[in-house]
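Asks: Chains as they are written, first to last, in the UniProt record's numbering: chain Y, 1 to 501; chain L, 1 to 480.
One or more of the hints may lead you astray.
Said to hold, decoys possible - In silico lysine to any residue, SDA-like type, Cα no more than 25 Å apart, as pairs: (1) L:Lys62 to Y:Pro240; (2) L:Lys191 to Y:Arg60; (3) Y:Lys288 to Y:Arg386; (4) L:Lys428 to L:Ile95; (5) L:Lys221 to L:Lys404; (6) L:Lys90 to Y:Ala302; (7) L:Lys90 to L:Leu416; (8) L:Lys61 to Y:Glu232; (9) L:Lys67 to Y:Glu228; (10) L:Lys428 to L:Ile392; (11) Y:Lys131 to L:Asp130.
Stated by the list, open to error - Quick look at which bits of chain L chain Y covers, simulated, 3 or more residues with Cβ under 8 Å: (12) 92-99; (13) 137-146; (14) 176-182; (15) 199-212; (16) 311-322; (17) 328-334; (18) 439-450.
No lab work stands behind these hints, which were simulated from the structure alone. We put the beta carbon where it would ideally sit given N, CA and C, even for glycine.
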Amino acid sequence: MVRLPYLTALTTLFSYGLLFAFGQLRDFFRKIIDWSKSSSKDLKGYAPICLGLEDFYTRRLYLRIQDCFSRPIASAPDAWIDVVERYSNDNNKTLHRTSNTTKCLNLGSYNYLGFAAADEYCTPHVIDSLKKYSCSTCSVRVDGGTTDLHTELEELVARFVGKPAAITFGMGYVTNSAIIPVLIGKGGLIISDSLNHNSIVNGARGSGAAVRVFQHNNPLHLEEVLREQIAEGQPRTHRPWKKIIVIVEGIYSMEGELCQLPEIIAVCKKYKVYTYLDEAHSIGAVGKTGRGVCELLGVDPADVDIMMGTFTKSFGSCGGYIAASKEIIQYLKYTCPAYLYATSMSPPAVQQVISAIKVILGEDGSNRVGGFLIDLVTPGAQKLARIRENSNFFRSELQKMGFEVLGDSDSPVMPIMLYNPAKIPAFSRECLRQNVAVVTVAFPATPLLLARARICISAAHSREDLIKGLEVISKVGDLAGIKYFPVEPPKHETQGHKELE
Amino acid sequence: MASAVMNMTTAALDWVTVVFDAPLARAVVFGVHIDGHLVVEVLLVAVILFQLTRKSYKPPKKPLTEKEIDDLCDEWVPEPLHPPITEEMKAEPPILESAAGPHTVIDGKEVVNFASANYLGLLGNEKIADSCITSLEKYGVGSCGPRGFYGTIDVHLDCETRIAKFMGTPDSILYSYGISTIFSVIPAFCKKGDIIVADEGVHWGVQNGLYLSRSTVVYFKHNDMASLESTLEKLTHENKQAEKIRRYIVVEAIYQNSGQIASLNEIVRLKEKYRFRVILDESHSFGVLGNSGRGLAEYYGVPIEKIDIITAGMGNALATDGGFCTGSVRVVDHQRLSSSGYVFSASLPPYLASAAISAVNYLEDNPSVLTQLRSNIALLWKGLADILGLAIASHPLSPIVYLKLKKSTGSSKSDLELLNIITDRVLKEDSVFIVSTKRSVLDKCRLPVGIRLYVSAGHSESDIHKVCDSLRRVAALVLV
Numbered sequence: 001m002v003r004l005p006y007l008t009a010l011t012t013l014f015s016y017g018l019l020f021a022f023g024q025l026r027d028f029f030r031k032i033i034d035w036s037k038s039s040s041k042d043l044k045g046y047a048p049i050c051l052g053l054e055d056f057y058t059r060r061l062y063l064r065i066q067d068c069f070s071r072p073i074a075s076a077p078d079a080w081i082d083v084v085e086r087y088s089n090d091n092n093k094t095l096h097r098t099s100n101t102t103k104c105l106n107l108g109s110y111n112y113l114g115f116a117a118a119d120e121y122c123t124p125h126v127i128d129s130l131k132k133y134s135c136s137t138c139s140v141r142v143d144g145g146t147t148d149l150h151t152e153l154e155e156l157v158a159r160f161v162g163k164p165a166a167i168t169f170g171m172g173y174v175t176n177s178a179i180i181p182v183l184i185g186k187g188g189l190i191i192s193d194s195l196n197h198n199s200i201v202n203g204a205r206g207s208g209a210a211v212r213v214f215q216h217n218n219p220l221h222l223e224e225v226l227r228e229q230i231a232e233g234q235p236r237t238h239r240p241w242k243k244i245i246v247i248v249e250g251i252y253s254m255e256g257e258l259c260q261l262p263e264i265i266a267v268c269k270k271y272k273v274y275t276y277l278d279e280a281h282s283i284g285a286v287g288k289t290g291r292g293v294c295e296l297l298g299v300d301p302a303d304v305d306i307m308m309g310t311f312t313k314s315f316g317s318c319g320g321y322i323a324a325s326k327e328i329i330q331y332l333k334y335t336c337p338a339y340l341y342a343t344s345m346s347p348p349a350v351q352q353v354i355s356a357i358k359v360i361l362g363e364d365g366s367n368r369v370g371g372f373l374i375d376l377v378t379p380g381a382q383k384l385a386r387i388r389e390n391s392n393f394f395r396s397e398l399q400k401m402g403f404e405v406l407g408d409s410d411s412p413v414m415p416i417m418l419y420n421p422a423k424i425p426a427f428s429r430e431c432l433r434q435n436v437a438v439v440t441v442a443f444p445a446t447p448l449l450l451a452r453a454r455i456c457i458s459a460a461h462s463r464e465d466l467i468k469g470l471e472v473i474s475k476v477g478d479l480a481g482i483k484y485f486p487v488e489p490p491k492h493e494t495q496g497h498k499e500l501e
Numbered sequence: 001m002a003s004a005v006m007n008m009t010t011a012a013l014d015w016v017t018v019v020f021d022a023p024l025a026r027a028v029v030f031g032v033h034i035d036g037h038l039v040v041e042v043l044l045v046a047v048i049l050f051q052l053t054r055k056s057y058k059p060p061k062k063p064l065t066e067k068e069i070d071d072l073c074d075e076w077v078p079e080p081l082h083p084p085i086t087e088e089m090k091a092e093p094p095i096l097e098s099a100a101g102p103h104t105v106i107d108g109k110e111v112v113n114f115a116s117a118n119y120l121g122l123l124g125n126e127k128i129a130d131s132c133i134t135s136l137e138k139y140g141v142g143s144c145g146p147r148g149f150y151g152t153i154d155v156h157l158d159c160e161t162r163i164a165k166f167m168g169t170p171d172s173i174l175y176s177y178g179i180s181t182i183f184s185v186i187p188a189f190c191k192k193g194d195i196i197v198a199d200e201g202v203h204w205g206v207q208n209g210l211y212l213s214r215s216t217v218v219y220f221k222h223n224d225m226a227s228l229e230s231t232l233e234k235l236t237h238e239n240k241q242a243e244k245i246r247r248y249i250v251v252e253a254i255y256q257n258s259g260q261i262a263s264l265n266e267i268v269r270l271k272e273k274y275r276f277r278v279i280l281d282e283s284h285s286f287g288v289l290g291n292s293g294r295g296l297a298e299y300y301g302v303p304i305e306k307i308d309i310i311t312a313g314m315g316n317a318l319a320t321d322g323g324f325c326t327g328s329v330r331v332v333d334h335q336r337l338s339s340s341g342y343v344f345s346a347s348l349p350p351y352l353a354s355a356a357i358s359a360v361n362y363l364e365d366n367p368s369v370l371t372q373l374r375s376n377i378a379l380l381w382k383g384l385a386d387i388l389g390l391a392i393a394s395h396p397l398s399p400i401v402y403l404k405l406k407k408s409t410g411s412s413k414s415d416l417e418l419l420n421i422i423t424d425r426v427l428k429e430d431s432v433f434i435v436s437t438k439r440s441v442l443d444k445c446r447l448p449v450g451i452r453l454y455v456s457a458g459h460s461e462s463d464i465h466k467v468c469d470s471l472r473r474v475a476a477l478v479l480v
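Isolated chain L, as found in the complex (with noise of 0.2 Å):
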């Protein structure tokens, strides 16, 4: 049994033998003979080829068909594009059936109007009025064109060189909008991977600008020199880079959400100190601080040539629409074609930039203006000094007076109902209009809200008088 069994593995292993040497039809292929173990090596070379051209398995990835995403759109349910309106979003302000000088009337009663920023009392001044309406005459409304255009008239291009002579600045731009000026400004500048320290109560227009700018930007405490010295030394002390990156300190010079003013003297120590620039809005300030109202910079007594950018809207004391830029010739001429809000958009109608001329020039004649503005934000203060429940938040000097509860009820939400039923009641019952601080969903200012009381100095001490008494009535009654 054994035997046969070796007889046969010997018998097969020999025909194996055999068959491998065995010349395979006698062939002779390039001058090779072909033997059997060639077909073999053939076959196996062949096998793996054909392995390595396989794909390996993955599982497969099927994109969705017609039909799946007709039923993905089908499905699909937006949301609206309001949220449901609620009873304090359908109230309407109060409508102006007059100028918005000191004495305004709205609904057909006289009232004492302390809600628009005219500070210098220019609204309604003769010279002014004359000009516009040489301008109207001369050039019509609109100027229908941007500034590249066929749209910079002569009046635009003599505004900017007397803003610019009246600052002491070599040159000036004009923007047609107050709030487009700070937005347009920080962009045109700051570009991602600067870096940026502003000051956390700046209004929405410099919000949105920091946020276009697509730069790094860090907030640091209201108005508070020693949180910017740290925030500045932390910056400066982490990357050795920082010279090729370009740093920016931005600050308002009167704040709109808080009233208090911006310490100028200190933040140009730092400036120097770590090589920023400073960006300064000065859309309430310019005209009413300084002893002929150039601004901050002339309050502090600081050379205007270390700022190296002043934005201001002239919505406020110059009492028309618009908004102005200046600095040095470089920063200037880099917004004539970086900046969005002016190249992009038509120019400052005519007229008005007619009324700033006028405006600048009677400011530059009669700086008693400024000595009346403060006698009444100090008459404003005393009288203010006693109010139940009501304090006053905002510096001696600004004209924004900024009062807030003294208790404040926990929610701004509610603190602003509260608020909302003063200003109502001293509206309705006294004839006096101030109003309260409202802020939009997007606003990321988290301030305390209060009522604004803007001084003018077209106010009599009468009207004085009578904002002080009625609101110390009304206070007693709803704030108790």
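The following block holds chain Y by itself, in its conformation from the complex (with noise of 0.2 Å):
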């Protein structure tokens, strides 16, 4: 839950209403020295690209702070990458590379195993996968795309997620754009939890069906909307609605909280509605074994309808799956646009998944101490307590700082509240100047007041990265303002006054 102090509202107000004022101000002398010069006459006659206010906030307010994303690197996505330096000449207006880098630590990449680099395991089968297959099929799945490497990912994901079958494609986002409008048509009903994924969003648009948003992660709210849905029926017309689906995800991306997963399947259960469960970011990463929210939360898979998740976050990879009943799953296979016109998923990239779920899995082969010791030994153990440990380790600490960060414990997000525009680059930049690279997010990902840092914590880091970056974070969070909460006082600290006293 964020708390947003009064006082921080009303700055953050009015700074962007600064903002917002000097941008018009250069916009009507644009206008006026655009209007004094003659247009070219190969655009007369055609509508501009983007009219007037369409792209106010890109002109205005992003690009006096383009060089805080999209930071080109040179590296693999590790615990420590090397940022190439960029200038400009013209307020940020366009970015050059130089051949310069910085190697900084890595606090932004979806690394949460830490599958991103060469893998002593997982990178010799890629490479002599590529050797037998080639990087790609150039064919659909439905035609020629399919491989024994494609049906055996699909067997191991189905075992490794709980459910009888599943289903992969080569990228996430087309997964649930292409999904959903096969599942659900014209006469029903999407609800969606109202922080979902754009993907998600595009992918109940696509559908046709009527969409409907409940309050963020409130299952009371969803069975309000549900009573109030079911008893009225479809707008203007009354008929029953053909079906229901319900939308969640498992770790929200910019909250990093947890899905109220038990309270939500017990209303949908009891009013007959599907469930469709995106784990995009907690496959892998949460749970015991890492099977992500269902694990974590005691939830049976066989409860939830269709579950989703991608391949890009905890396994190093590219690509998305959909794992349900073998019925829904043949369907799919016959009639899914992406099953059917898209590329198959390239085959060192399916390689890579397979060996890192083994690795999960612990059936890598790797040498294991006897006995009771070996489910901490194998390295996939490794990594998933590794991963619950520096979670858990940095965000206490964060706490401990006076740091406003949302999320559950255990998730391995951890966004860092900001508010004020300014703070935004302030922050970034002098992160990087240390050799921290970190994410902010603002507008419009996120509400226009409630700009943030977005922390995501791998496997690979070890304790004294995870130091180096809460002391870099203390330091610029202290000359940036942002400790909105009192410091908790060190316990040998308060000891040792106590004592000279």
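Each of the two chains sits in its own frame; use the hints to bring them together as a complex.
Replies: What follows is the structure, given as structure tokens:
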């Protein structure tokens, strides 16, 4: 829950108002200058690509801080990265690359289990599969794009997640956009969480079904909405809905919160609606054996109708999957557009996921110390334990320093609230100067007043890395003034004081 | 009798008059003597006010009680998530056990592969494989983030510059999946209220993009320039304020659903006459058409600046994955912030971007591979000219050779069954792998179904003779 102090809200609104006013002033002068110069004949008769205010935010606000986003890197997205330096001659309007790089601590990539860089088990297998199958199949799945790697991956994913069958695609975004229209169409109702990801919103819009939103992570409001909608039926005709699907995510990437899955599933079962769980950030990262929010919150996978996830975050590859009952998967293979018209997943990427899942499950044939210590020694179990420890340690330290950190414990995503628009570039640039690479997010990905910096912890971070990150963030936080909560005094200092007195 | 009544009425009237004028209790309120008529007037006003404050009569609207809502919820029966599974839904595609090159292994047997869009034969190329391996060892497999948050790796920027240099445009932008390119580009430029004129044979990716953009979409007859001209004329003739609305024509260079090639010179002439912008999808023509493989614009000799937006998927001629979009600087910059498939999705894996760079380098150094492809297509045309029951429906230069039934059975479902029988027999009996077109339930395209053969520069003459002989034999048996 975000607690926004009044003074901060006022100053943030004032800052945005000032930026808006200056932007309008500049636009006014630009219009005068353009009017005095003649416009080119080629573009006469064509409406401009962006009219007036449509890209006002981009031109006047975003371009000022453009160097905080899209920073290129010259190495693998591991715990330490080489950020390429850029310079600008025209006040950030265009940025040019140099060939210099700085080594920075990476607190921004989605590398939860540390599979991003070349791994000692996975990479040899990936290179072998590249030599055998080459880097693409140039064909769609239903024609000639299914190799035995793809079928092996689907069986493995189904077994890992705990469902009877699975189907995989080459991109996570397309998975949502192409599956939802197949499952539900006109005459159906989709009820989605208010903070769902853009791919789900696109898929829901593309399906033609009616869409309603319930308050973020609030099962009581979901029940209210369900009762009202089932009783009323379709708008204007009042005929009953053909089917209703509720879409939620496992971990919400901008809040770091876990979904209240047991309560939501209970509500859905009571009213006979279908559930769709998007585990993009939680599969592989939470749960004792990495099986996602279902394992963490104690929900039986058979209770969720459709489970979706991506391979980009925890498995260090690309692509997405859907796991559900055998009949649904057969139907999807028959008619899903992403299966029939899109190039199949690249075989080395498939092999990377297979190897990563085998490492997590402990089936990679690594050396094991015998007896009851078996669980603690496999590399997969080590990674899972390390990411949990790292996340909890980092979060508790940040909260002790007085930062406002969102999210639940055990979640590897932690947003730190910034609020004021000027603090966004200040935090980002100062951290980069001290060799820590962080991600800052502002409007339109978050609400206007709630800009934040988002930290993603990885199993590849060691304890020293985290401590260095904490030092830098604390120093920069003092400079930028974002420690909105009182600092908890460290225990040994108070004891020291007591002894002196 | 009458006088008694008269007396009574006059007495009553007198009494009434007295009462009216009688001062009531000799009260003086605010200097006004309270006369009797004042009381009646006050009562009258009070009655009027009372009536005004009454609510007008409407039948009462009772909201549903909790119990009624409970009953409705209990009664409601949802449809199942999927329709009943039929036999044809259970069919599985053949599983490859080696790379999808001109020859591949299915079920332990070696087959000739005409189902992969590997037009330049780059699958299995040594140089490309080496660059991928260096990339894998340096960067790992995935890029672990969207382009805005440390997912931009220097190979992405190099790939964008390389493609822009090859095409002759100022800049280009990379997407992480072929099909998501077109359905992210269209909604980024077309909003509610804009007008789009599209060919009726465009593939599902384009249809989805058109639907998501919420613009007004008008379809014209497949690859028919006269129909396009009349549609444009009708649209611009009607509204005079077409100046403020953005207008687009969306076409594919080589249509996936029929193998036809769009006549670009006609389209450019019409676009300049009626002031429309052109969005061209070159997924199957990039690296195939033109003397050096630069696509449809080079083939027709049209300067590349005249086409506003070019998109292409790289999963065909370039033998990698992903897609790109290229055009003027304004077009490309606009997409970096408003294209949802670029902003909200992880970026392309770095090894695929290196493979793309190597593939473009190879194409530029060896343009002879294009002549090889063209001679293969011509050879295939000669061999398929006399097949019973099947006719070639694609353009002579298209690497997708599209065969359709000379006499359709009437429904596309039974057509497809017949074609599936042909492809199954060809695979089992002659070890040649060909495929029929499969349509999704969501696809709005109504062009006829057929068999698609993807010709590659890596096919040898004997491969082509084999597929012609096999098709001739099986078609004669099945399509009697």
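Asks: Next, verify each hint and record whether it holds.
Replies: The hints, checked one at a time:
| no. | hint | result |
| --- | --- | --- |
| 1 | L:Lys62 to Y:Pro240 | holds, 20 Å |
| 2 | L:Lys191 to Y:Arg60 | holds, 22 Å |
| 3 | Y:Lys288 to Y:Arg386 | holds, 11 Å |
| 4 | L:Lys428 to L:Ile95 | holds, 14 Å |
| 5 | L:Lys221 to L:Lys404 | holds, 19 Å |
| 6 | L:Lys90 to Y:Ala302 | holds, 23 Å |
| 7 | L:Lys90 to L:Leu416 | holds, 16 Å |
| 8 | L:Lys61 to Y:Glu232 | holds, 15 Å |
| 9 | L:Lys67 to Y:Glu228 | holds, 13 Å |
| 10 | L:Lys428 to L:Ile392 | holds, 23 Å |
| 11 | Y:Lys131 to L:Asp130 | holds, 9 Å |
| 12 | 92-99 | holds (count 8) |
| 13 | 137-146 | holds (count 9) |
| 14 | 176-182 | holds (count 5) |
| 15 | 199-212 | holds (count 6) |
| 16 | 311-322 | holds (count 6) |
| 17 | 328-334 | holds (count 3) |
| 18 | 439-450 | holds (count 5) |
In this structure, none of the earlier numbered hints is contradicted; all agree with it.
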